[in-house]
Structure formats: structure tokens, C-alpha cells
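Those protein sequences? They're chains A and B, same order as listed.
For the first sequence, our numbering assigns the number 1 to the initial residue and increments by one for each residue that follows.
For the second sequence, our numbering assigns the number 1 to the initial residue and increments by one for each residue that follows.
It is possible that some hints are incorrect.
[Stated by the list, open to error] Each computed DSBU-like pair below joins lysine-lysine, with the alpha-carbon atoms no more than 30 angstroms apart:
no., chain 1, residue 1, chain 2, residue 2
1, A, 363, A, 158
2, A, 153, A, 85
3, A, 44, B, 130
4, A, 363, A, 450
5, B, 6, A, 153
6, A, 158, A, 85
7, A, 226, A, 363
8, B, 6, A, 226
9, A, 85, A, 294
10, A, 366, A, 226
11, A, 226, A, 85
12, A, 158, B, 6
13, A, 366, A, 450
14, B, 6, A, 85
15, A, 450, A, 226
Hints in this document: simulated from the structure, not taken from any laboratory.
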Amino acid sequence: MNEQQKNPNLVDFIVVRWHLYAAIAYVFIAVLAGLSYSLQFLQKYPFPGVEYLSPGRMRMVHTSAVAYAWLANGMFGILYYIIPKLTGHRVLSQTLSRIIFFIYNFLVLGSVVLILAGHAQGLEWAETPAILDPFIALGLGLLVVNLITPIIKIRAQKMYVSLWYILAALIWTPMVYVMGNFLPQYIFPGTSGATVSSMYIHDLVGLFVTPLGIGMVYYLLPVVMKRPLYSHALSIIGFWGLAFFYPMNSAHHYLFSPIPMWTQYFAIVASIGVHVVVYTVVFNLFATMAGDWKQLITNIPVRWMFFGTLAYLITCIQCAIQVTLSAQSIIHFTDWVVGHSHFVLFGTFSFWITAWLYYLLPKIWKTEIFSGSLANWHFWLLALGISIMQIDLLAAGVVQGMMWRSMAPFIDSVVASIPFWWVRTFSGIMILSGELCFFVNLYATWQQSKRNRILAPNSEVVA
Amino acid sequence: MNFIEKFSGIFLIAGVGLFFLAVIGLGVIPIYMLEKSTPQLQLPATVPPDFQPDYASPTEYHQALHRGRDLYIAEGCWHCHSQYVRPTANENLRYGPVSTPMEYQSSLHLPQLFGTRRVGPDLSREAGKKSNDWHFAHLYQPTHVVPESIMPGYPWYFDVVDGVPVPNQDAKAIVAYLQWLGVDVIKRRDTVQTYEQQILPPRE
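Using the sequences plus the hints, can you model the full thing?
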């Protein structure tokens with residue numbers, strides 16, 4: 001609060017709010033697109049025969065909305081808060097941040113429309129239409145310039161661990177985006193393209209979402225628990241382990257493919273090396289929580305961060321198992337991988353962002369969260385929903401892989417998967433209802449904040 | 001060792017250095033090896049007999065292949081159908097010869113469509129497995145030919161003439177593309193049947 005008083009315009013709360021509101025709106029698009037796509041697997045798709053809502057296009061809307069709309073908006077909003085707070089300097093230009101917000105979200109909406117109109121780019125996690133890619137790269141470049149300026153101003157000082165991750169991610173993200181969207185689209189065909197593409201698929205998670213997510217949690221956990229971070233040395237090992245191992249994981253998305261085998265072996269070894277990162281980060285976070293576990297019950301953000309960290313540990317242990325060639329032989333191409341990626345992007349990073357939303361929104365609105373009971377429902381519906389989905393899809397993956405290897409006709413593996421797909425849709429409904437609880441709770445909190453402002457009109461309004 | 005907690009160390013070593021180490025080691029070098037050792041794959045010089053009524057010249061046929069590929073991307077087909085055969089899990093028996101870099105070095109593989117999920121079967125050896133008519137029926141409504149299929153239908157690629165759906169140019173382009181996939185690898189289709197074809201009665 002001291003910094004805030006010294007420099008009242010340190011954080012531009014308007015742009016923080018815009019990004020967070022946009023993120024909350026997009027999470028519904030993402031969940032609804034995913035849920036309707038899952039109904040196709042049960043032959044119960046709600047819009048059969050409608051060209052612009054075809055399930056194949058809906059799937060691309062689902063993944064793009066998760067990565068570029070929900071996660072990115074949430075993270076950008078939080079960055080506009082963390083970076084000025086940690087550096088004590090404003091971002092380059094608050095007008096620029098608002099312009100970037102509009103450019104970025106215009107492009108995100110445009111890409112949803114163009115994907116539905118049939119202009120998707122044929123690259124996994126990069127389905128954003130090729131025509132929009134240069135503008136997104138430009139927007140990301142502006143964003144980085146805007147956000148990196150306060151970090152450059154403190155270049156002579158040692159930085160807190162969150163800033164290491166954020167700084168590195170800010171440098172990586174535009175490079176990764178340009179590499180993954182232009183090289184395989186225009187220059188390298190076939191196997192060479194797959195080599196670049198696999199790098200992009202992994203780097204999007206490993207060098208954009210993961211470092212920003214970890215950086216956010218390293219900031220929020222000590223703040224809300226009012227406890228110091230357990231170990232500085234562990235955070236150094238964790239960060240440098242991530243910087244070293246994550247970029248090399250690339251080819252593990254195309255194992256047993258025509259990519260040179262030594263590249264694949266290298267990627268496998270590097271993927272197992274990721275354990276160094278994971279155990280240090282997870283131990284550091286859990287050790288910070290240890291001794292004050294009752295906050296899991298009393299403190300809403302801590303609960304979300306705990307589940308997110310647990311999910312991070314589980315997915316990464318899974319990663320080192322499934323990346324081996326013997327496991328790949330069975331589970332590659334199956335629902336196992338789908339379950340894994342849901343647990344990463346939803347179980348871990350969405351939970352961490354939600355922890356931030358529960359911390360930041362009441363703070364912005366200068367009020368308490370409206371209903372603890374709705375917050376409980378939100379947490380348990382999402383936590384149970386994603387856990388059921390994960391276990392269900394892992395099991396489905398093993399069944400599919402075994403049936404393919406057994407040489408049963410392909411359609412038999414589809415028929416055998418139908419019960420699993422029912423459970424998956426059910427878990428999706430749980431997640432949607434959880435998000436609805438969240439939305440209702442936030443709306444009530446917002447109304448409550450307006451009432452408070454009328455009751456105490458002289459109180460300072462942050463935003 | 002102060003620099004590892006400061007701007008310079010993180011910017012130069014982690015941000016730029018380690019990233020480019022990975023890009024060079026696992027990107028540039030394998031791509032250099034691949035591009036140097038893999039000859040360019042030519043598209044078919046003649047129009048296959050099945051498509052001669054539709055496409056007069058090889059140029060038109062090649063345009064149709066590209067159009068079919070673009071629609072294959074736009075509809076997200078590649079999210080449910082992979083395009084490579086792995087040397088494991090009996091895939092060579094189910095689909096055909098194991099994939100090699102050579103067969104992917106063509107303009108139709110830019111961008112690559114390897115795929116990472118098989119909700120439906122792999123398509124990299126699809127050429128000649130089914131007739132064109134089967135493909136049209138399947139594209140219009142998959143459950144008409146495979147009752148248990150969960151693939152969506154694509155009726156907007158068909159014009160209704162006298163109450164009967166007739167494939168339009170786009171549907172023909174998609175089928176031309178599907179019938180091209182793996183054509184260079186499976187010329188021996190007549191003599192070597194895949195395991196699935198041997199044990200299954202042909203579907204009508």
C-alpha cells in the first residue's frame with residue numbers, strides 16, 4: 001500500500017480490469033465450445049449440418065479461446081499489476097496498454113470468426129488464421145516493449161523470482177510466436193515443418209504459459225499467506241532448469257515420426273530433465289504453505305493455488321512417464337494426451353489465474369467476495385470436474401491404444417470409447433456449472449461494491 | 001554469480017541464449033539434415049483414371065489437390081485424422097508402410113499435417129483404399145456407410161439436384177486429396193493388402 005500512496009498511478013487498474021473481464025467472458029466461450037464439441041463424440045452435436053458451427057471448427061475455437069483468449073487475457077491483466085508492483089515503475093505508456101488491449105482482443109475475436117468461416121491455419125495450437133498472424137506478432141511486440149520498460153529501469157538491482165520468469169517469458173513469447181506461425185506455414189514443408197511445429201506446440205506451454213504462471217504464483221502465494229517464500233536457492237534452480245530444459249522438449253510431440261531419431265531421443269531426455277524444475281518449484285511452493293495448512297480452508301486464493309500446484313506436480317510426473325517410447329507406443333494419438341493437456345492448461349494454469357481473480361477483483365472493487373458458499377461450489381465443481389475428466393481420459397487412452405495394437409477394426413475402438421466420452425461430457429457440464437457459480441458470485445460482489453460506494457461516497461475508488 | 005538474478009543474465013542467457021541453443025540443436029540441425037537428404041516429391045504427372053471426367057489437365061488436378069488440402073485444414077480434419085504411420089503398435093499392418101521423410105517433401109505438405117490425435121484412422125495411406133463413391137457418401141453423412149461412426153457430416157459440400165445430393169467441386173477436391181494421400185508409397189496396393197482389409201469383409 002505504501003508504493004500505491006507514493007505513486008498513486010503506479011498500476012493502471014482500468015486495463016487490469018479490462019483484461020480480467022475479457023478473460024472471464026472468454027472462459028465461457030472456451031468451455032461452451034469444448035462442451036458442444038464433446039457432444040459430437042456421442043453423436044449428439046447440437047448443430048448438425050450447420051457449416052459455420054461444424055464440430056471440427058468448434059474444436060479449433062475451443063483450443064484457441066483457451067490459449068489466446070482466456071489464459072492470455074488473464075495473464076496480461078495480472079502482468080499489468082505485478083510488474084509495476086515489483087519494480088516500482090509504471091509501464092511505458094498506459095495509453096499504449098489500452099490500445100494493445102483493443103488490438104489484441106479485436107484480433108482474438110476476429111480469429112474466432114475467421115476460424116468458424118473456414119480460414120483456420122493448419123498448425124496445431126496456431127490455428128489463428130495466417131492473415132492475422134503478422135498483426136498478432138506486432139501486438140505481442142508492442143506488449144513486450146510496454147511491459148519490459150519498468151524491468152529495464154531496475155536492471156542494476158537483483159530481482160525477485162517472479163520477475164525472472166516474467167522477463168524470460170516476455171522475451172520468449174514473440175520469438176516463439178514468429179517461429180511457430182511463419183516458418184512451418186511458408187518455408188519448411190513436411191517433416192522439417194513438423195520439427196518447427198513441435199517446438200512451437202511445446203514452447204507455447206513451456207515458454208509462455210508456464211513461466212508466466214509460475215511467476216504469478218511466486219508473487220501471490222507469499223502475499224496472501226503472509227509467509228516468506230521457503231527457499232531462494234530452490235527458485236534459482238527451478239528457473240534455470242526451466243530455461244535450460246523446456247525449450248529442448250520439442251520433438252516429444254511427434255515421437256516415432258519421420259523426424260530424425262536422435263532429435264526425438266534428445267527431446268525425451270530433456271523432457272525427463274524437466275523433473276528438476278518441477279520438483280524444486282513444487283517443493284518450494286508447498287514448503288511455503290507448510291505449517292499453515294488451515295489457510296487452505298479459510299483463504300480462497302490459497303486453495304486454488306494448492307490445487308493448481310498439485311495438478312502441476314501430477315501432470316509433470318505423468319509427462320516423464322508418457323514421454324518414454326514404450327508408453328508412447330500405446331498412448332500416442334489417444335485420449336490420454338487430451339486428458340494430459342486439459343490437466344495442464346485447466347488444472348494448473350487456469351486454477352492459478354482463478355486464484356488471482358479471487359485476490360484481485362475484490363481488491364479492485366474494494367469489497368469482500370459476496371458468497372463463500374458459491375466460491376466453495378466453484379472450487380469443488382472445477383476440481384472434481386477436471387479430476388474426473390483427467391482420470392477418465394487417461395483410461396480411455398489406454399483402452400484405445402491397446403485396441404489399436406490388438407488389430408481390432410478401428411471402429412471397435414470408437415465404440416469402446418463411448419462410455420468414456422459420456423463421462424467426459426458429464427465432467428464438462430460440472431466445469432460449466434462451476435464457472436456459472438463463479439460468474440454469479442462475481443456479479444453479486446460487483447453489485448455489493450456499488451452499494452458500498454453509495455453508502456460511503458467519500459471512500460477512494462481505485463479504478 | 002549476481003548476474004543470474006539480474007536483468008542482463010536473464011535476458012541474455014535464459015531469454016536469448018538457451019532458447020537459441022535449443023532452436024539450433026533441435027531445429028536448425030535436424031532441418032538442415034532433412035532438407036539436404038530429402039528429394040523433392042513431385043505431384044502426379046497424369047490425372048488418375050477416376051478423376052479424368054472431372055479434371056481435364058494435370059494442372060487442374062493439382063489445383064484441385066491444393067483446394068482439397070485447404071478444405072481439409074479449414075474443417076479441422078487433421079485434428080482427428082493423423083498423417084503418419086509409426087514403426088510400432090502394428091501400425092504397418094493396419095495402415096501400410098512406415099512413414100519416411102521423403103513422402104512429405106511436397107507443396108501439399110506445407111504446412112505439415114502430421115496431426116497428434118486419432119479419433120478416426122490415420123489417412124496417410126488412404127489412396128485407393130475406398131472408392132470415390134464411398135468417400136462421397138461418407139463425406140455427406142458418415143453414418144450412412146459406417147453406422148457407428150462419430151464423424152460429422154459435411155452436407156454443405158453437396159448441391160441438391162432433383163432431391164438428390166450431388167457432390168460439388170469442393171467435395172470432389174477433398175476426395176481427390178484423400179485419394180492422393182500416400183499414392184507414392186502404396187503403388188503396390190493390388191498385391192499387398194493391409195491386415196484390416198484381409199480380415200474384414202468389405203463394407204458396402
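Quick one, are residue 366 of chain A and residue 226 of chain A close enough, alpha carbons at most 30 angstroms? holds, 20 angstroms
Taking only the CA atoms, is the gap from residue 158 of chain A to residue 85 of chain A under or equal to 30 angstroms? Cα-Cα ~15 angstroms, so holds.
Would the hint linking residue 226 of chain A and residue 363 of chain A be met if the CA-CA limit is 30 angstroms? holds, 16 angstroms
Given the hinted pair residue 6 of chain B and residue 85 of chain A, is their Cα-Cα distance within 30 angstroms? Given that 30 angstroms is the threshold and the Cα spacing comes to 17 angstroms, the pair holds.
When you check the alpha-carbon spacing of residue 366 of chain A and residue 450 of chain A, does it fall within 30 angstroms? holds, 10 angstroms
Under the criterion that the straight-line Cα-Cα distance not exceed 30 angstroms, is the pair residue 153 of chain A, residue 85 of chain A satisfied? Holds, at about 13 angstroms.
Pairwise hint evaluation, residue 85 of chain A against residue 226 of chain A, where the allowed Cα distance is 30 angstroms at most: holds, 16 angstroms
CA of residue 6 of chain B to CA of residue 153 of chain A, is that 30 angstroms or under? Between residue 6 of chain B and residue 153 of chain A the Cα gap is close to 12 angstroms, so the pair holds against 30 angstroms.
Hinted pair, alpha-carbon criterion (30 angstroms max): residue 44 of chain A, residue 130 of chain B. Please report holds or violated. Given pair residue 44 of chain A, residue 130 of chain B holds - Cα atoms ~27 angstroms apart, limit 30 angstroms.
Hey, residue 450 of chain A versus residue 226 of chain A, does the alpha-carbon distance stay inside 30 angstroms? holds, 29 angstroms
Residue 363 of chain A and residue 158 of chain A: Cα distance at most 30 angstroms? holds, 28 angstroms
Holds or violated: residue 363 of chain A with residue 450 of chain A, Cα cutoff 30 angstroms? Cα-Cα ~13 angstroms, so holds.
Consistency with the previously given hints is maintained throughout, with no hint failing.
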